[in-house]
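Protein chains: 2
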Amino acid sequence: MLTFERYEKILQLLEDQKVTKLADLVEATGASESTIRRDLTILENEQKLKRIHGGASLMKSKVDEPSMMEKQQQFTEEKKQMGKRAASFVQDGDCLYIDAGTSTQAMIPYIQAKDIVIVTNGLNIIQEALQHQFRTYVVGGYVKSGTHAFIGKGAVDSIQQFRFDKAFIGTNGVDINFGFSTPDPEEAQIKQLAMKQSTQSFVLADPSKFGDATFARVADLEEAVLITTEGDDREFFEKLTNVAKVEVVNSDDLHSHS
Amino acid sequence: MLTFERYEKILQLLEDQKVTKLADLVEATGASESTIRRDLTILENEQKLKRIHGGASLMKSKVDEPSMMEKQQQFTEEKKQMGKRAASFVQDGDCLYIDAGTSTQAMIPYIQAKDIVIVTNGLNIIQEALQHQFRTYVVGGYVKSGTHAFIGKGAVDSIQQFRFDKAFIGTNGVDINFGFSTPDPEEAQIKQLAMKQSTQSFVLADPSKFGDATFARVADLEEAVLITTEGDDREFFEKLTNVAKVEVVNSDDLHSHS
DNA sequence: TCAAAATCAATCAAAAACATTCAGAAGAAG
DNA sequence: CTTCTTCTGAATGTTTTTGATTGATTTTGA
Numbered sequence: 027m028l029t030f031e032r033y034e035k036i037l038q039l040l041e042d043q044k045v046t047k048l049a050d051l052v053e054a055t056g057a058s059e060s061t062i063r064r065d066l067t068i069l070e071n072e073q074k075l076k077r078i079h080g081g082a083s084l085m086k087s088k089v090d091e092p093s094m095m096e097k098q099q100q101f102t103e104e105k106k107q108m109g110k111r112a113a114s115f116v117q118d119g120d121c122l123y124i125d126a127g128t129s130t131q132a133m134i135p136y137i138q139a140k141d142i143v144i145v146t147n148g149l150n151i152i153q154e155a156l157q158h159q160f161r162t163y164v165v166g167g168y169v170k171s172g173t174h175a176f177i178g179k180g181a182v183d184s185i186q187q188f189r190f191d192k193a194f195i196g197t198n199g200v201d202i203n204f205g206f207s208t209p210d211p212e213e214a215q216i217k218q219l220a221m222k223q224s225t226q227s228f229v230l231a232d233p234s235k236f237g238d239a240t241f242a243r244v245a246d247l248e249e250a251v252l253i254t255t256e257g258d259d260r261e262f263f264e265k266l267t268n269v270a271k272v273e274v275v276n277s278d279d280l281h282s283h284s
Numbered sequence: 027m028l029t030f031e032r033y034e035k036i037l038q039l040l041e042d043q044k045v046t047k048l049a050d051l052v053e054a055t056g057a058s059e060s061t062i063r064r065d066l067t068i069l070e071n072e073q074k075l076k077r078i079h080g081g082a083s084l085m086k087s088k089v090d091e092p093s094m095m096e097k098q099q100q101f102t103e104e105k106k107q108m109g110k111r112a113a114s115f116v117q118d119g120d121c122l123y124i125d126a127g128t129s130t131q132a133m134i135p136y137i138q139a140k141d142i143v144i145v146t147n148g149l150n151i152i153q154e155a156l157q158h159q160f161r162t163y164v165v166g167g168y169v170k171s172g173t174h175a176f177i178g179k180g181a182v183d184s185i186q187q188f189r190f191d192k193a194f195i196g197t198n199g200v201d202i203n204f205g206f207s208t209p210d211p212e213e214a215q216i217k218q219l220a221m222k223q224s225t226q227s228f229v230l231a232d233p234s235k236f237g238d239a240t241f242a243r244v245a246d247l248e249e250a251v252l253i254t255t256e257g258d259d260r261e262f263f264e265k266l267t268n269v270a271k272v273e274v275v276n277s278d279d280l281h282s283h284s
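Protein chains in written order, with our numbering: chain A, 27 to 284; chain B, 27 to 284.
Note that these hints are calculated values from the structure, not bench results.
Intra- or inter-copy, both count: the list cannot distinguish identical chains.
With a cut-off of at most 30 Å between alpha-carbon atoms, the simulated BS3-like pairs for lysine-lysine come out as follows:
(1) Lys192 to Lys222
(2) Lys170 to Lys222
(3) Lys222 to Lys265
(4) Lys271 to Lys222
Model the full assembly from the supplied sequences, consistent with the hints where possible.
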């Protein structure tokens, strides 16, 4: 039986039963226990199923949310990998601030840690967090059209009520001198404050943002860990790694499956 | 039997019976007493149930709260008409509080007034308001799974920063003596506060809510204008109109389609 | 109020499930 | 045909889950 056929069979059995024991899968496919385990790990990484002790279950999102959200926005592979890396920093019991935006949204499905709390100012983050059944708090404020971020006095007041272990921030510009920046000063203010309230900060930015200095500065490069991918401009990237703490999603990760 | 399946079974038994003895769960699952105890502590941590001496009971809030998804379907004609009526009270320049829930959501497409501001604690309301390009503010707070309403201290703090011209509130129970009520005390608190901060209040409730007194009281019948449809129970309806200010969507409206 | 009965939390050893490693098999590339 | 890579299954030691036992706590009923 081909590897790919096995994947199909596993997923099909799951569709039918919602939960499946490892032993059942071994019997159904004729493969060994080790192989099935490997398959499950891979399929879980691709968000096709959720592993549970003793077997696997359908993704929660598929159980109670019929695929609407799913195709609403497909993340690029790049974003997924950045998200996965970001999620790997989350530990059990953490209180997280997750900034509005799609980059940050992409990390949520990959968060494995238990007992975490998410605070956010993003409509999309709320939805994603709900789908994955995280304990979620939202800051108040004006709902900005376009980005659907909550900003303004209400947001500021809310964030000041919290302290975070880790803040995950999106950005529009990464410049060696000007640091992280974003076009809207109001949004910049929120990001700044969230980082200030957080013990540790992470900025997610793909290489298309490199070298851009947009209107409102958010923070210096030293103030956060930058999660990104390598990109084309090796020269800029060199300079970057000298100044900022950079977490690179390397090409191996990028080209592995899916 | 898999751990996950056991959880499902426990929750399902609870759905059926509202309270369950430990011994029953042991028998139903075939697991040991210790294991069931452990399961219960875990499920309680996840807010799925409440432990009681000798067993477990449903969370109060879940007692009769239909999940968001079930309600989410297309608006009924009834709801649309109630929404249209509610919207007719909105005037140019109003500051509105619009409560979480589908009844209130249904009014948004019908709002004609210009320069209005919407404040809400409902995820669905934000989305609908954005679609119709209204100036929207959101209160902070804990995101309640199920209804997707924002509640708790954050929400209270936020609402206290505002004054509204009109508040539109949803409810689960309309009882002659007990007034308006809803199953979750935390949600009731928010509704109460919003009404207090508002010059005028409207409650939207279809006749299926008539005669129900759920766990937490929101307000007396006199404190708001009730927007509803006639329904079957003429007798109850008579009594209602004696006590409350009622706006009835009459049958003509109902049958003249949107 | 008190003591017996029931229920509970905490602990521990056995069992089940797990990740990891390694050597061999199957395929692909040269 | 050989070499290299990828995939597989068995063996290893580790982690998680489980059920029994203990003593503490709560409820019951007199």
